[in-house]
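**Student:** Sequence:
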Amino acid sequence: MNSTPAPYRRRIDLSLIGNALVVIALIALALCLSQWQAEPLQWSSPGRGRLWLAAALVAAYAGFVAAIAYSRKRRARASALPTIVEQQRGDWLVAFASQTGFAEQLARRSWDALRDAGLRADLAVLGNLDAAQLAQYSRVLFVVSTTGEGDAPDSAARFVRRVMAHGAHLATMRYGVLALGDREYAEYCAFGHRLDHWLRHAGAQPLFDLVEVDNGEAGALRHWQHHLGQLAGRTDLPDWSAPSYRPWRLSERRLSNPGSVGGSAFHIALVPADSAALEWQAGDIAEIGPRNSAEEVAQWLLAVGHDGNASVRVDDANIALSELLARSRLPDAGAFVGRSAQAIADALKALPHREYSIASVPADGSLQLLVRQMHRDDGRLGSGSGWLTAHAALDAAIDLRIRGNPSFHAPVDARPMILIGNGTGLAGLRALLKTRVAAGHTRNWLLFGERNAACDLHYRDELEQWQAQAAIERADYAFSRDGAARVYVQDLLRERIDSLREWVAQGAAIYVCGSLEGMAPGVEAVLHEALGVDLLETMAADGRYRRDVY
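Positions 3 to 552 (my numbering) are the ones given, in order, by the sequence shown.
Hints were generated in silico from the structure; no laboratory data involved.
Don't be surprised by glycine CBs; every beta carbon is placed ideally from N, CA and C.
There could be a bad hint or two in this list.
[As the list claims (entries may be wrong)] Estimated spans, in silico, between C-beta atoms of each pair: (1) 120 with 399: 34 to 42 Å; (2) 261 with 300: 26 to 34 Å; (3) 315 with 399: 18 to 26 Å; (4) 322 with 377: 26 to 34 Å; (5) 545 with 173: 23 to 31 Å; (6) 488 with 377: 31 to 39 Å; (7) 488 with 537: 38 to 46 Å; (8) 381 with 174: 31 to 39 Å; (9) 367 with 477: 31 to 39 Å; (10) 527 with 218: 49 to 57 Å; (11) 32 with 64: 37 to 45 Å; (12) 57 with 238: 52 to 60 Å.
Taking the hints into account, I'd like the entire structure generated from these sequences.
**Tutor:** And the structure:
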């Protein structure tokens, strides 16, 4: 751990001064009242018993006051920011700008999540930093709020005046921004966007797109946590707020890329109990509640010597221990040998949600996903992809919640649209294409990358049909394992840079969906080369450049 608590600084305690003034006032009052005494004051011994009682009361009161003072000092030390030790500086920094304390709270949680994942991270107030200090970190997460009419919090005023007013060189830094705001104000999340704009112009590379949070909205905060988990390489970071899942039924599952040299990818279809739940827009996200496999749960129960049918009390309801274990993080079994079923239940933590781009539209009659199997270090399937692609039986209940993602919704007009993606990112692009085709908007250009043309072009028949019907004006594919040289979708885009400029000049919107590493920054580099940073930022502000990367 590279951060140590800041040294305690003596300062005037106003409450201590207040108490002293009260005591002085009481003594003065007693002296004044003594002047009204008709007879001279005389000392009368109260007796040994009363003296001991009085001494005990004074001691108890003194202890009470000391306990309060100690408690306050502990809270002050706990809330004090850790000092950044130059010789032990971390690779990560979490910087915050808070007006009411909410941004600081979220920053501390983010910092704790990074440290829990074993990463060396520092925590600092944004206003206490300068460009030179930022440049010393390879990864920085900013948690910032917006006040008034788009202003920075008071604590960040110095940073805005002394740092953001000038340029900086941050080409070696990658960053993420969590912007807090309230949509009731015209300048929603304005300071977060200004900070993001300044960082991009300083040469810093975004780890992911800016995350906006409207008035503490839980879904947006879960999305930020999802990014945290990916960055930290941890899929078990607990949700700060659990999604309100509803049960959907697994109606279809088929392997989408048989014979692929890459990971197996599955087409998944889910249907709700009530068809009224078939309501979302292309670009929205499915939050899935994963499950451990029945085999993993059985092995864990065997190790602790418990019957999975044992009834335990959770949230005012009785459920089987095995059912609770299925949706919980399985801790080290050795630590639970000999403990009761209820004690085990009380100690369990829920598995965090998994996010997937929705590949269908409500008119399809099902919510469809394209899920690639992910493997843990020990070779076991990940809890999310394993549950959906292998462990859940057909017709099994799947916990699901739809999260709106307006920043990736399709254009409402017939403007040209360039759709760029790779791998399972085709899921989000497919839903957008379905929306465009249904609306009769045919100026669509798809650029997609995968490994092998023979087995990795997901939804091949559908794409070819759309192209034959002129619903897709142009489709270009990069299959990296089919040639002597590795050609990726960003290389494909660079080869067609003149066409890209022509489409953009005609008002085209650019949508990117797929992997955060490799593809997304590679595509953005080509877009910078073709269009320039200023134009691309203007397009982003106008909703003509949007990304869903993970």
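**Student:** Report the numbers of all earlier hints that the structure fails to satisfy, in ascending order.
**Tutor:** Of the numbered hints given earlier, those the structure breaks are 6, 7, 9, 10, 11, listed in rising order.
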